[in-house]
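Order-wise, the sequence lines are chains A and B.
Heads up: the first sequence begins at 660 in the working numbering, then just goes up one per residue.
Heads up: the second sequence begins at 9 in the working numbering, then just goes up one per residue.
Careful, some of the hints might be misleading.
[As the list claims (entries may be wrong)] Quick partial rundown of chain B residues pointing at chain A, CB under 8 Å, derived from the structure:
1. 84
2. 91
3. 114
4. 149
5. 150
6. 154
7. 167
8. 258
What the hints contain is simulated information worked out from the structure, not anything from laboratory work.
C-beta: ideal position from N, C-alpha, C; glycine also.
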Amino acid sequence: MTALDRIAHAGRWRRLPLAEKALLALGLLALALILPPWPGAVLVLAAAALAALAGARVPPGAWLGAFAAPAAFIATGALALVVTWGEDGLALVAEPLVAVRPALRALAATAALLLLALTTPAPVLVKALRLPPELADLALALYRFLFGLLDTLRAMQAAQQARLGGAGSIRSAGLLAAALLPRALERARRLEIGLAARLHTGTLDTLAAEPAPSPRRLAAIAILLAAVAGGAAWLQ
Amino acid sequence: MAAVILEARGLAYAYPGGVAALSGLDLAVKRGQRLAILGPTGAGKTTLLLHLNGTLKPSAGSVLLDGDACAYSRSAVRAWRRRVGLVLQEPDDQLFAATVFEDVSFGPLNLGLAPAEARARVERTLADLHIAALAERPPHLLSFGQKKRVALAGAVAMEPDVLLLDEPTAGLDHHGARHLLAVLDRLAAAGTTLVFTTHDVDLAYGWADEVALFDGGRVGSQGKPETVLADARSLARAHLRMPLVLALGLAARAAGVLGADDSLPHSHDDALALFERGVSKLNRVV
Chain A
660 MTALDRIAHA
670 GRWRRLPLAE
680 KALLALGLLA
690 LALILPPWPG
700 AVLVLAAAAL
710 AALAGARVPP
720 GAWLGAFAAP
730 AAFIATGALA
740 LVVTWGEDGL
750 ALVAEPLVAV
760 RPALRALAAT
770 AALLLLALTT
780 PAPVLVKALR
790 LPPELADLAL
800 ALYRFLFGLL
810 DTLRAMQAAQ
820 QARLGGAGSI
830 RSAGLLAAAL
840 LPRALERARR
850 LEIGLAARLH
860 TGTLDTLAAE
870 PAPSPRRLAA
880 IAILLAAVAG
890 GAAWLQ
Chain B
9 MAAVILEARG
19 LAYAYPGGVA
29 ALSGLDLAVK
39 RGQRLAILGP
49 TGAGKTTLLL
59 HLNGTLKPSA
69 GSVLLDGDAC
79 AYSRSAVRAW
89 RRRVGLVLQE
99 PDDQLFAATV
109 FEDVSFGPLN
119 LGLAPAEARA
129 RVERTLADLH
139 IAALAERPPH
149 LLSFGQKKRV
159 ALAGAVAMEP
169 DVLLLDEPTA
179 GLDHHGARHL
189 LAVLDRLAAA
199 GTTLVFTTHD
209 VDLAYGWADE
219 VALFDGGRVG
229 SQGKPETVLA
239 DARSLARAHL
249 RMPLVLALGL
259 AARAAGVLGA
269 DDSLPHSHDD
279 ALALFERGVS
289 KLNRVV
C-alpha cells in the first residue's frame with residue numbers, strides 16, 4: 660500500500676486533472692468489459708500497461724509488483740475452470756477458452772484500474788467521490804493516520820527484533836498489537852489537540868489545487884480509446 | 009518596557025491520577041519578545057503550553073490575554089486560539105491533509121477567510137518559510153525537518169499574535185535547527201510574540217530575549233538569559249547546566265579578560281572572539 664501511494668504521489672501524471680486520468684482508466688475498463696476478450700482485452704491490457712509505463716513512467720518493477728497479486732488470483736481462478744477431476748483423474752475441460760476469456764477480461768480490467776491507482780493519490784479519489792463530509796473526513800483522517808501507525812509498528816517491530824523477539828511468534832505479535840492500540844489512541848488524542856489549535860470545528864475543510872482538464876488531452880484520450888476499439892474490430 | 013500580552017497567574021493542574029504538573033505557576037510574556045521556557049524533560053512544559061493555548065483548564069489560577077482571563081466557553085476558546093497559536097513538538101500530531109498546501113490552508117479557512125484570501129495567505133506563508141516547493145507533496149512523505157516547517161506554516165498562516173512552540177528544534181540537525189530559527193527570527197521581526205519550551209540551555213541563552221526556569225511545577229525565576237542562567241543553584245535545582253558560552257564569558261570576566269561593563273558573549277562567534285582575546289592577552293603577558 661505504501662509503495663502504491665509513493666508511486667501515485669511521485670509519478671509524472673500526479674498533477675494531471677483527475678477527469679483526464681479517470682476518462683482514460685474508466686474508458687479502458689469499459690472497453691475491457693465490452694469488447695471481445697480476443698483481441699479487445701489484450702489490446703486494452705497493452706494500452707493500459709503502455710500508458711502506465713511509458714506515459715506515467717511508473718517503474719516497470721513497481722507495475723509488475725502491483726499487477727502480480729491480482730493476476731495470480733485471476734490465473735488461479737481460471738485454472739480451476741480449465742481443469743476438471745473426473746473418472747480418468749485430472750483433465751482439461753472440453754472448452755478451455757471458456758475460462759481464458761473471462762481471465763483476459765479480468766486482467767485487462769485490472770490493468771485499467773491499476774493505471775488510475777498508480778497515477779492518482781487516494782485522497783484525490785476520495786474527494787472526487789463526493790461522499791458526505793463526515794465520511795470523506797473520516798476516510799482522509801484514516802488515510803493520514805495509517806502511515807503514522809505503520810511507522811510506529813515498524814519501529815516497535817525493530818525494537819522487538821533488536822532484543823531477539825518478534826520473528827513471527829504469536830506471543831510477540833500479541834504484545835505488538837497490545838502496545839500499538841494505546842499508542843494509536845494517544846496519537847489520535849494529540850492530533851485532536853493539534854487540530855483544535857487551528858480552530859477545528861468538526862469538518863476538515865481545506866483548499867485543494869485541482870487543475871482544469873485540458874481539451875487537447877481529453878481529445879487525445881478519446882482518440883486512444885477509439886483506436887483501441889477500432890483496432891480490436893479490425894483484428895477480429 | 010513592553011506591555012504584557014499573555015500571563016499566567018497561580019496556575020495549578022494535576023494529571024489524572026493526581027500527579028501535580030503545575031502548582032501555583034506565574035508567568036508573564038511581553039509583547040514582541042522571544043521567551044524560552046526552560047526545564048528538564050517531563051517537567052510539565054507542554055502542559056503549560058496547553059494551558060496558555062486554552063486547551064487545558066487549570067484547577068486553580070487563570071491565564072490572561074491582554075489582561076482578560078480566558079472564559080473557557082467554546083466561543084471564548086475559539087477567540088483565544090485565533091490570537092494564540094500552537095505548534096506541537098511532534099509534527100505528525102498536526103499534519104492531517106493530503107498535501108502540504110491543503111494542510112496549511114486548514115487554519116486560514118477556519119478563521120473564516122474567503123477561499124481566494126486563504127489561498128493567497130497559504131502561498132505567502134509557504135514562500136516566507138521557503139517551502140513553496142513542497143506545496144503538492146503529501147506530509148507523510150516529507151523528512152522530519154520538512155514536516156516541522158510545514159507544521160509551523162500551519163500555525164503561522166493564521167497570523168497569531170502569540171505563537172507557542174513546543175521544543176521547536178527537538179529532533180532537528182544543526183542545519184535544520186538554524187533554518188527553523190531563521191524563520192522564527194523573521195516572525196519575531198514582524199512582531200509575533202514567541203514562547204517556546206526547550207531543555208537546550210545553549211539555544212535559550214543564545215536566542216531568547218528572556219528565559220523562564222521551570223522547576224517543580226512553577227517558574228523559579230524569569231528574566232534576562234545572562235542573569236537567570238548564571239545562577240548555578242537554580243540551574244541545578246532544575247536539573248540543567250550553565251550554557252557553555254555564558255560559562256566562558258563569566259570565566260573571562262573573573263579572569264579580567266572581559267571588563268565588568270563589557271557585554272557577555274551570546275553566540276559561538278562571540279565566544280571564539282573572546283577566547284582569541286584571552287589567548288593574545290596571555291601571549292602578551294608571557
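**Q.** Earlier hints that do not hold, by number
**A.** 1, 2, 5, 6, 7 and 8
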